[in-house]
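Residue numbers (the working numbering), protein chains in the order written: chain A, 1 to 116; chain B, 117 to 229.
No wet-lab data here; the hints were simulated from the structure.
Bear in mind that the values here come from a model prediction, so they are computed numbers and not experimental data.
Be aware that a few hints might be false.
Said to hold, decoys possible - Here chain B is said to cover these stretches of chain A; the calculated rule only asks that three of the stretch's residues, wherever they fall, bring their Cβ under 8 Å from a Cβ of chain B:
#1 31-43
#2 104-115
As the list claims (entries may be wrong) - In silico SDA-like pairs for lysine to any residue, Cα to Cα no more than 20 Å straight-line:
#3 K49(A) with G217(B)
#4 K49(A) with D212(B)
#5 K49(A) with H145(B)
#6 K49(A) with F211(B)
A virtual CB, placed ideally from N, CA and C, is assigned to each residue, including glycine.
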Amino acid sequence: AQSVTQLDSQVPVFEEAPVELRCNYSSSVSVYLFWYVQYPNQGLQLLLKYLSGSTLVESINGFEAEFNKSQTSFHLRKPSVHISDTAEYFCAVSDPRGSTLGRLYFGRGTQLTVWP
Amino acid sequence: ETGVTQSPTHLIKTRGQQVTLRCSSQSGHNTVSWYQQALGQGPQFIFQYYREEENGRGNFPPRFSGLQFPNYSSELNVNALELDDSALYLCASSFDELNYGYTFGSGTRLTVV
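All chains should be modelled from the sequences, with the hints used to inform the complete structure.
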């Protein structure tokens, strides 16, 4: 089974500062990688995903993540955060093979808090 | 709007009771999965249905069961509720079973007292 480690449970930053949310996963085989965002009292929203191809993926609101196969990492970055980015961020991995097809394995989440 | 609707939004049940949670997916979404998110945790996979058949199950006991219907709706049933079943239950759907990015509902907050 896959496991996902989000190294920081809470990340406080000031508005307009850069941020990196770290994510490592356990398997070195081909996987799909995702970042989801959860606002208070809401479900999960897909932020970005890596399936194949370019190792750098971007979202429409300025986030980006880079797939690093050798380090089994998929860190999320944003060069300048806004107060509206305050939310819980979850890294997830999916193994597109066999009996676990489609299943998402989530990390425990990172609470990003942006201060004015 | 996510396209996946869950009901009810909140629910309080007593230990030992049974509960049914409902999910309505987008038209054409043949895959539906259910996740349990305990407070302060990431979501945990319960099971997945593809074209009305269960095709994957996580580490949950048999008292967690589900159904998927032809009209893209689905149910999660939990029997003999325990206090530890208190959580946010999330439904997620996708066009196919490969999961190129699920669409999640807003969840049902279940409290067992």
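> Taking only the CA atoms, is the gap from K49(A) to D212(B) under or equal to 20 Å?
Replying inline: Given pair K49(A), D212(B) holds - Cα atoms ~16 Å apart, limit 20 Å.
> Taking a Cβ-to-Cβ distance below 8 Å as contact, does the segment 31-43 of chain A have at least three residues touching chain B?
Replying inline: n = 6 at 8 Å, threshold three: holds.
> Holds or violated: K49(A) with H145(B), Cα cutoff 20 Å?
Replying inline: holds, 19 Å
> Are K49(A) and F211(B) close enough, with their CA atoms no more than 20 Å apart?
Replying inline: holds, 16 Å
> Is K49(A) close enough to G217(B), meaning Cα to Cα at most 20 Å?
Replying inline: holds, 7 Å
>> For the segment 104-115 of chain A, count the residues whose Cβ lies under 8 Å from any Cβ of chain B; is that count three or more?
In response: holds (count 6)
Comparing the model with each earlier hint shows no violations; every hint is respected.
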